[in-house]
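Trainee: Here is what each chain is made of, one letter per residue.
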Amino acid sequence: MSVAGFIRDILPLLWSGLISGCLYGVGALGLVMVFKSSRVVNFSHGNLACLGAFVVYGFSSGSLLSLSWGSAVALALGIAAAIAVMSYALIAPIVFKSDLASTIATLGVGLILQGAVQLVFGADIVNLDLPLPRFSFSLGAIRVSSYDLAVLVVTLAIVGGLFVIIERTKLGVAFRAVSTNPFACEVCGLNLRSVHLFSWLAGAVLGLVAALLIVPTTFLSSTTVPSFMLQAFTAAVVGGFSSLPGAAVGGVLVGIAMNLFSFYVSPEFMNTFLLGVILLTLNFFPNGLLERAIGGRV
Amino acid sequence: MAVSDLAHASKTGVSARGGHVDIARLSVLALVVALSLLPLLAGGFLLYSLSLCFANALAVLSVSMLVRYGGEVSIGHSFFVAFGAYAVAIVEHRLGLSIAASLPLATLLGAAAGFVFAFPSRRLSGIYLAVATMALALALPEILIGFEKFTGGFEGLYIAQDLIPGIPKALQRYYVALAVLGLVCLALAHFRRSAQGLALLMAQAQPRAAEAIGITRSWARVSIFTLSAAVAALAGALTGFASSTVSPNSFTFFSGVFLLVGSVVSLNGLSLPAALVGGAFITLVPTYLAQAGDWVPILYGVALVVVTLVANAGDLRRFLPRGRGR
Amino acid sequence: MTVPAGSNGLVAEGISLAFGGLQVLNDVSMTLRPGVITGLIGPNGAGKTSLFNCLTGLYHGQRGRSSFAGTPLNGLGPAQRAACGITRSFQNLAMCPDLSLLENVLVGLTLKRRSGWFSAFVPTPAQRAEQRDAERRAMAALNELGIGSAAHEKPSDLPPGTLRLAEIARAITSEPTAILLDEPAAGLNAVETRDLTRALKRLMRSDLVLLVVEHDMDLIMELCEHIYVLNFGSMIASGTPAEIRAHPDVIRVYLGDDADA
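Protein chains in written order, with the working numbering: chain A, 17 to 314; chain B, 440 to 765; chain C, 9 to 269.
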């Protein structure tokens with residue numbers, strides 16, 4: 017491989033890795049928010065996002081209703097939020113007793129959602145695009161499309177919005193306090209349940225947004241979105257699983273690493289590659305790759 | 440002969456618990472006798488389903504071991520099950536050996552794979568292990584398909600060799616699976632009283648006290664995962680033998696989750712009846728509800744949520760009359 | 009039995025420990041001699057448990073050295089110190105609920121047991137003999153503390169006094185050379201405390217290092233031959249019970265405490 021060829025390849029690879037990495041990061045943020053506040057790894061994250069994406073498809077494509085894309089998304093957000101509240105309500109009685117039991121319960125919720133998607137929408141493979149004007153332009157060796165810009169804008173808006181909520185609002189202060197020391201918060205009269213609910217709702221919204229943005233690059237089926245969440249899980253592990261900035265940066269790192277691996281090594285072993293990334297991270301950087309740079313417990 | 444051995448050994452297996460288990464001991468004995476005599480009455484399809492049931496019961500047992508002794512959750516044990524099944528198939532295809540050789544080999548290789556997998560997360564909380572097992576489950580299909588040269592790709596491989604030539608295949612599958620399952624249950628009953636078994640239980644319940652006795656958490660984590668993976672690979676070897684074929688279709692992402700469902704439904708029990716309940720649940724439900732295919736995940740999900748909630752809502756029992764709580 | 013020359017028990021020298029900006033221990037030294045029951049007292053928050061955890065390897069002080077029978081302990085974790093013959097009990101009862109009392113004590117022998125992984129699953133004659141021997145030793149430890157009759161009960165069915173004694177039985181069953189007890193009388197009634205005192209005196213040997221951390225002054229005064237007093241992370245006094253009783257700083261700390269209470 018020539019140096020010139022390498023340079024010609026590498027910039028577009030890094031760029032598209034950055035774009036998909038933003039989405040992995042958004043997915044990971046949802047996982048980390050839930051984990052930070054309630055110490056539960058939410059295995060239904062991907063299934064809920066998948067259901068939400070299918071609702072958007074069903075309501076906007078005419079298979080159930082023919083609404084506009086915007087109102088379908090609004091409906092899907094409402095449904096996802098309602099399901100998030102219900103799943104939290106289900107595990108609420110055991111959430112303080114056992115991390116592992118609550119985590120198992122989220123798997124059960126995930127299975128139910130998975131079955132619901134298959135029942136309503138079958139095993140179909142469908143396309144779900146974003147309603148975007150199609151244009152693209154070149155920036156040196158990189159080709160920037162309207163989709164790329166949409167992803168960047170949405171990601172920045174979400175990360176910014178989350179930052180404002182967590183840094184500036186009362187709820188955000190409570191969230192930070194709860195994730196540092198739940199017991200002390202209860203003693204101080206903070207309502208743990210409302211903080212949990214906030215993080216579960218935020219997690220559901222983040223998952224759905226990530227799913228809607230990732231689907232246009234592949235297709236939508238009852239398995240694509242849940243397995244896309246492996247990228248989000250890996251991003252969260254790389255970021256230390258309890259760090260919000262870590263999850264975002266972890267997403268970008270995972271996105272770029274996956275692109276490079278798929279181009280230079282093999283596109284067929286992506287999940288195996290992610291497994292390797294998880295195991296290596298756990299072994300050498302148990303608190304996340306960014307522990308020193310930004311602190312694992314941010 | 441095998442039957443009487445089992446029956447006798449199962450007596451000594453549970454006797455440490457004290458006198459009140461006499462009835463339990465007798466009913467296990469009756470169950471073993473009934474299962475041993477069943478082939479005299481039952482036909483081919485039932486025997487075939489039950490053989491798979493036994494193999495799955497063993498796989499469920501491997502997950503329950505991890506929960507009981509390690510307090511860990513795995514949704515990726517399908518990886519080790521597949522590992523064992525493919526080991527049997529590949530040994531037959533490459534070396535021409537039957538399961539007499541490949542069963543022990545599969546178990547040892549499964550233990551090695553479990554060790555390699557558990558080692559990186561030895562110092563972390565069980566949640567990280569659960570996440571890593573999810574990656575394991577998702578990586579499995581692409582590994583099976585990707586290494587086509589060994590695994591036969593989408594097609595998979597056939598397992599044709601008998602253990603003992605001359606005996607009908609259906610009977611061989613049935614009795615080998617039943618015998619291995621029974622022996623593993625006996626071994627686990629013995630393990631519960633062994634130095635290592637006690638140490639693992641202590642490390643799970645009181646990690647700091649265990650540390651002060653010299654039992655490190657990382658030792659406990661890696662040991663129990665290695666053992667559990669070995670049992671899972673053994674179960675896989677039986678699955679391969681009992682179904683005469685291995686293919687990626689039998690090992691999707693959901694197979695690992697279903698094993699956990701089986702374990703939860705059997706209340707993570709390590710006895711023969713508990714394992715059979717878990718194995719039957721995940722084998723027979725999909726077989727007999729085949730026409731209701733999409734309802735199976737929902738049913739499993741509901742089972743997982745309900746059993747987990749009930750089993751962990753111990754506090755609620757206080758409010759019930761005549762509850763066992765104090 | 010005589011103590012070999014050069015072995016001077018468990019020694020901590022100049023231990024300092026801080027969590028963030030909070031100085032918990034400040035240049036603390038203590039020597040636990042074999043054959044002597046040593047007590048460590050001090051008001052709540054004095055740093056007793058922190059010092060205790062430094063000795064057992066749970067915490068590592070930023071400064072200072074510790075050694076046991078001449079062997080340096082710095083950098084060793086709890087499990088490695090256990091392998092050196094140092095065992096401890098816990099302030100909160102640390103029993104495994106799934107195991108009987110006897111089995112909870114048997115666990116204390118883990119490092120001494122020699123049966124391998126194979127015989128953990130398959131009974132062999134050697135393994136059975138080893139199992140019987142271990143059970144005999146655990147039973148002996150329970151009997152030594154007078155709770156042998158409860159051997160086959162579950163911890164949840166037993167009173168805290170028995171469990172506390174069982175923890176000590178677990179600590180002594182491996183025949184350690186140092187036993188560190190963290191508030192052994194916490195949660196015990198007067199009768200149970202008296203039983204505990206007797207049991208501890210009975211198991212004392214000339215080659216055993218025994219440390220008792222307590223806030224119960226009476227127990228310490230009755231039990232110990234040498235006492236250290238910790239306050240605000242510093243060692244303010246050490247000596248025989250009579251010396252401690254007469255020490256002006258100790259009187260101030262304890263009477264002050266009592267006056268507030």
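Just so you know, these hints were derived from the structure itself, not from any lab. All values reported here derive from a predicted model rather than from experimental measurement. Honestly, I wouldn't trust all of these hints.
As the list claims (entries may be wrong) - Computed cross-link-like contacts, EDC-like style, restricted to lysine to aspartate or glutamate with a CA-CA straight-line distance of at most 20 Å:
#1 C:162 to C:183
#2 C:209 to C:233
#3 C:209 to C:152
#4 A:113 to C:233
#5 C:209 to C:183
#6 B:588 to A:284
Trainee: Each hint: holds or not?
Mentor: Against the structure, the hints:
1. C:162 to C:183: It is violated: about 24 Å lies between the C-alpha atoms, which goes past 20 Å.
2. C:209 to C:233: holds (11 Å)
3. C:209 to C:152: Cα-Cα ~11 Å, so holds.
4. A:113 to C:233: violated (44 Å)
5. C:209 to C:183: holds (16 Å)
6. B:588 to A:284: holds (15 Å)
Checked against the numbered hints above, the structure breaks hints 1 and 4 and satisfies the rest.
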